[in-house]
Amino acid sequence: MRRRAAIWATMTTAIATAALLTPPLHAQLVSGLPTGGALDPGTALGQVRDGVKGALDDIASPLTDPLAHTLRDATSLARERLQRLARFVSRHKDSVEWDEDHQPAVRGEVLLLDPDPTALATAKGAGYTVIENGTLDGLGIAYARLRTPDGQSLARAVDGLRKALPGREISADQLHFPAGASTSSSRETSRPSPSDLPRGGTVGVIDGGFGTGSPQSAARIVAQRGFAQGAPRVSDHAAAIASLLAGAGTARLYDADVYGSDPAGGNALAIARALGWMQQEAVPVVSISLVGPANPLLARAVAAAQQRGMTIVAAVGNDGAAAPPPTPPPTPA
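Offset between the sequence shown (1-based) and our numbering: plus 1354.
If you are wondering where the hints come from, they were derived from the structure by calculation, not from laboratory data. Note that the structure is predicted; figures quoted are calculated from it, not measured. Beta carbons: idealized from backbone N, C-alpha and C, even for Gly.
30 Å max Cα-Cα, derived DSSO-like pairs, lysine-lysine:
1) K1447 - K1517
2) K1447 - K1478
3) K1517 - K1478
Derived DEER-like restraints, expressed as beta-carbon distance ranges:
4) R1438 - A1602: 25 to 33 Å
5) S1444 - T1489: 30 to 38 Å
6) E1486 - R1510: 16 to 24 Å
7) T1483 - R1606: 37 to 45 Å
Start from the sequences and build out the full structure, keeping to the hints where you can.
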């Protein structure tokens, strides 16, 4: 017992020392990500692996074996996640590409918030083409979708537009994946936990399509709407959520399918549009079992929905301590 206590005391001291002397683990991992440029996925993945390994080696070297083992596990989780993303982008390179933070995003499209004629004219003069200029129904958020200049990578296009329009909120349209699922083409490889889901009353779900589901859940589906090509389309992940909610006594279910059959489904704009529809339908509680990088349009949409009285319950990911923070962030209890 004394030896075990001594080990834990040593680990506690080492952890505290590491926390004081090194930046947060997430910050170190992110610092290893390649930014900008036209790196191919293999080269980029190699750089990320080197960055992750170097950051964790710096922390683990002075620590005891048990903690070093834990950090090696975190390295493995980070590596697996990066490999999944690299495979996903490679499979769907006609629809998806890396953004400036090396996150999967809709190929060749940039989002501009609060566009005005002057900003759009500047963007056009820099080689960007307006695909869509609109407002999110139900939330009142103005945005524009812009096509990137010919021959320019998404990463460089985002950086270029930020330089042309300093101070504006500009981003790629990053993708989000079902919480706990691998980044496979089907995105239907996991089932949510019942303890993570809201109970009772009317609940909206932003995910894939419910389909007919079980007879119990089908009887409670009020409406389904698609926000991607081929949507609504049945998803095992979404159908499982519908079944669990129905089993928990939820009386009315609304479904927004943001995936359909589109490899670039689950993007920030689709989720924001789905939130706007839920707001128009006066859905009081919305479950978003999806995770992805921070996005200004999605953050604005979440805040606008919450200000209008909507409760949003977001999931956390399954990639462990080495994963980036999930977005949208979970609603505090």
